Amino acid sequence: MTEILIKNGFVFDPTNKIDGQKMDIAIKDGRIVKKVNECNAQIIDASGLTVMAGGVDLHSHIAGSEVNLGRMLRPDDHVKDAVRKTALTRSGTGYSIPSTYVTGYRYSKMGYTSVMNPSMAAMKAKHAHEELNDIPLIDKASFTLLGDWWFALENIAKDDLDECARHIAWMIRATRSYAIKIVNPGGLESWGFGRNVHSLDDQVPNFGLTPRDIIKGLAKVNTMLNMPHTIHLHTNNLGIPGNYKTTIETMQALESFYKGDKPVGHITHIQFSSFAGDNWAHFKSGAAEIANYLNAHNHMTIDIGQVTFADTTTMTADGPFEFSLYELGGHNKWVNSDVETEASGGIIPFEFKRKNAVNAIQWSIGLELSLMVKDPWKVFMTTDHPNGGPFYHYPRVFAWLYSRKAREATLKNCNKKAQKKSLLPTLDREYTLYELAIITRAGTAKALGLKDKGHLGIGAEADVAIYDINPETTDIAQNYKPVRRAFGNAIYTIKDGEIVVKDKEIVAVRPGRTIWLDVQTKEPCRIDDELKSKFKKYWTIEFDNYPVTDHYIKVPEKIGIKASV
Amino acid sequence: MVERKLRVTLITGRTIDQGVGKELGKGSQEYFDNVAVCFLDSGDIKKLGLKNGMNVQVTSQFGSVVVKAKKYPHGAMSGIVFIPCGIWANVICSSETDSIGMPTFRGFEVEVEPAPDKPVLTLDELLKQEFGK
Amino acid sequence: MGKIIKSVVCPICGCLCDDLEITVENNEIVKMKNGCAVCEAKMVHGYKSEERILEPHIRKNGKLVPVSMDEAICKAAQILTDAKYPLLFGWTSSSSETQHVGVELAEELGGALDNCCSVCHGPSVMAIQEIGIPTATLGQIRHRADLIVYWACDPWSSHPRHVERYTAFTEGRFEKSEFKGYVQKLKAQASQKKVALTMRRTQVRYQQADSQAATVEAPPQSLIRAGRKMVVFDVRKTMTADVADYFVKVEPNKDYEIFGAMRCLALDQELDVDVVGGVPVEYLREIVNVMVNAEFGAIFFGLGLTQSVGRFRNVEIAIALTRDLNRKTKFVVSPMRGHFNVTGANTVFAWQTGYPFALDFSQGYPQYNPGEFTANDLLRRGDNDATLVISADPGAHFPKSSVKNMLKHPLITINPDWNAISRLGDVVFPAQWCGIEQAGTAYRMDSIAISLKKVVEAPKGVPTDEEIIRQILEKVRVIKAQKTEKVEKLDDFGNKNIAGGN
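Protein chains in written order, with my numbering: chain A, 44 to 608; chain B, 2 to 134; chain C, 31 to 532.
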């Protein structure tokens, strides 16, 4: 394997408390090492450049049945963004839901090297993995939708969490997944008959439990299984005015699980769950309330799900939410896709417009949250790709965070009513490059429990991004445009010790790994028997044909986990 | 009164026997027996003076094919004839797609007439006749 | 003693039943349990028929003669690289792994890529692209649906186990199977017939149900009862209609009008006519009432919509009706996909390129336009100058004129047996039966990926179609590399000449 020495870059590595010091980074055999022999090593002169670990995205819908249905649904979206084949790279299309190869190339060009695919229906896991295999250059992992799975609901209702944990462990293994994803708990099951739940204490029809029971039960299960990530939660009432109260209640419900060491829950794309006001006419930001809560508590992390003003495609397992969005009117295409015994799903193409009051306030909410939550290790940058905007709009979001000037420039062009309601003019905070590195790699890797990612310490995976940003000579807040451009086009991206992007172009293509957890419980057999006996009743696939086999994962990275049940 | 010709609407589609035939092989006897046929309403059969199993010629503006007439077993469908999808049906279908990729496989007018003297061609004979191969 | 293999997946239709029990003796399938008649025909008999292609053939002097695999690969690659605009068609009875390589080949060649979707549910895909689709996996319907509507399809013929595995005759968590009720109905009908017979014998005037006069019967009382109900709309009475609670006979090509009328009724509008598409409005109103009052309804539609006048507009309005019904209750709609992996072809093409069928790579990037890049349109216009057909039989299922145009240019086929298109090919490859001799992935009609099993060994020397496509792709790359070298040399020569002239 080649050795690489990155010399004289300004290194931002928050995990190891390195804040822009000039130093060398040595790479050997795909890992960061103390030093390499300069005679053998390939030297990258990074003087005047910013060096960070490869980006770690913890929430981006890049593959799976839902994503692909979105692709199929929108030739109108692809026709404006065609990508030509080259000698090295495959052809494809964008715009809001890029084809698999293009997804890999674009992430890599931004210096991202790991991406979490956060919503995988268990029954459709094979499909998700087949697609993930076709996304080159980045490591991937998927979160299985388990919040409305019948086995989980039944066991939680019986208050048999040990049994529930064993079932979940089986499912994590069977779907080759990385975390427990909960979407609108109880709501998806209710949606099976066209209904929804509207508070944490509504009854889930036919199952005799409440969303609160599901969230608490699965949070408990998550700790019993020693999962590296917390439960990954999409709240009830998402997308409904006034829902910030539900969000705070949800966080309160998890307070008692906190032991003082690490967070116990992650609320994803919280922007969509931070709405205040009683209805759409009185729609306003609930960011202050949420931020205050988070500043006072340490048991939760969030990602923002920033709106970037794009003609995008919303997609979520929250079928009832997409239906309510469709009911709002003005939407030509609506997809609903229920999955038996497990989940649902919905898709609506959606254009976020600056001149629309609600959209502009949503844009503001995301930034307000990022700026008002004081500790950057609690709040992470996502657009909930493609829901708030496509992932390659990240540099725009960075700019809004590190430059007040950039925010003002955008806000000026927003809806007048939204401008009045926005809290942004009162917020002076501007992110530093150090803080940016936290919310895009160090913090996300930590929240995910990926110890070898998101930093440049000895032994870390040699995933490195080098950007054309000179923190000594540039005031990034003032000159936000060149910096924004630089974040969108890494000078170098190094994946596992191989240079894959050089001078903003893809120079090598390699498959990324698929990370999954091999969760071993103490008593595996009993549940397998029960599962088998119920399988025929619950699903339309045979037990033998259900699990994802090794065949479906081209480059696996299996992480063994010992559960405490 | 017996009529010489009948103008009817052609529908093509699947039958379970066609499915079985195709899986046994396109050259199989089952395929020939179950696909080179035309299902007619019992009333229409009477009108043409046909008997079950007699040969009929079905002609559209795109072509003409001889198949065996059969009485439709699931009730009335006067004015409609049904030919299982397959090469015999496709001799008389049009490749006009109305610019969306789907040829005109069903729902167009055809003429049905008895053809006692004309044989039903086998797959190979039909390929030879239509494509010279 | 034979070896019994359980949970085998049936590689025939979009149902992908995965509960077959196969008995294998001496590398031969001798018995199959649980499958339908079509499955039996393929899995026990058809796959080993005498019609099997065992070695590659090339047409020389008008006759197909056996050749070596290398020769056939070279010939095929040569044909495809020589062609200005080749069409690669089929893919729907191949595994998604094969389809995966297929996209790469089409991209390399800069040709057109289409799958059988364009002659089955292509219009459905287009309709979905117009307005989306509220749908669900088949198990959701099995557990919850108390009303099932089959529109312009005949699952008992085309998807024989659909009703039994996924809809009316299956036991769900919230809905019970109606199979017993059906048996009782059959018995009742049989006794009715007996009564009728006796009545005729005793010369009581018996009014025969006149086949000509009333085309649509009034909706039966049973539609209002509790439990699962099944309604069939079709232009002809089918096997499925025989088991349904209610059959509505539609005039050919009038589906759109009927859907339109039902939308009006579902939205509480008034209609100024008494009959739509051969169906009395009063009857439609009753059906719509049943739909609105259902807890969970499901509409399945077939090629009767996509192939009749209106094509994708028929599907669009079916989806629109379903959307309207979702305002009042829960309703889903689903196409009855035909070939076992046609859904997979759409899926694989879409994740690699963004588009599900009707693709063109002539500009170096994917373009999509049904009506332009769909196989029948290319063939009708005579746009392509070579064709590769894989795991499909356009010889039997394309209109004659399309096939005629296809045969004007070289034709390469990859199929396990001598179907119509293999008989017409210029380079004919053998292939393994996907799902019998070759493992792989297929997508069920509700786009659930299921692993096909390999249960017997293929005859010696017969490769998988994936292998063949891969080899052709490699060879094409070699030939293209040689060609560019040649062109470069010519350029040098030309430059020198010009220099000399000066």
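Everything labelled a hint here was simulated from the structure, so no lab data went into it.
In this text, all values refer to a predicted model and were calculated from it rather than measured experimentally.
Glycine included, C-beta positions come from ideal geometry on N, C-alpha and C.
Any given hint could turn out to be false.
[To be verified] Distance condition first, Cα-Cα at most 27 Å in a straight line; then the derived DSS-like pairs of lysine-lysine: (1) Lys-128(A) to Lys-284(C); (2) Lys-72(B) to Lys-505(C); (3) Lys-52(B) to Lys-223(C).
[Stated by the list, open to error] Covered, in the sense of this in silico footprint (three residues per stretch, anywhere, with C-beta under 8 Å from a C-beta of chain C), are these stretches of chain A: (4) 372 to 380; (5) 404 to 415; (6) 472 to 481.
Verification of the hints:
no.	hint	result
1	Lys-128(A) to Lys-284(C)	45 Å, violated
2	Lys-72(B) to Lys-505(C)	53 Å, violated
3	Lys-52(B) to Lys-223(C)	25 Å, holds
4	372 to 380	holds (count 6)
5	404 to 415	violated (count 0)
6	472 to 481	violated (count 0)
Hints 1, 2, 5, 6, counting from the list given before, are not met by this structure.
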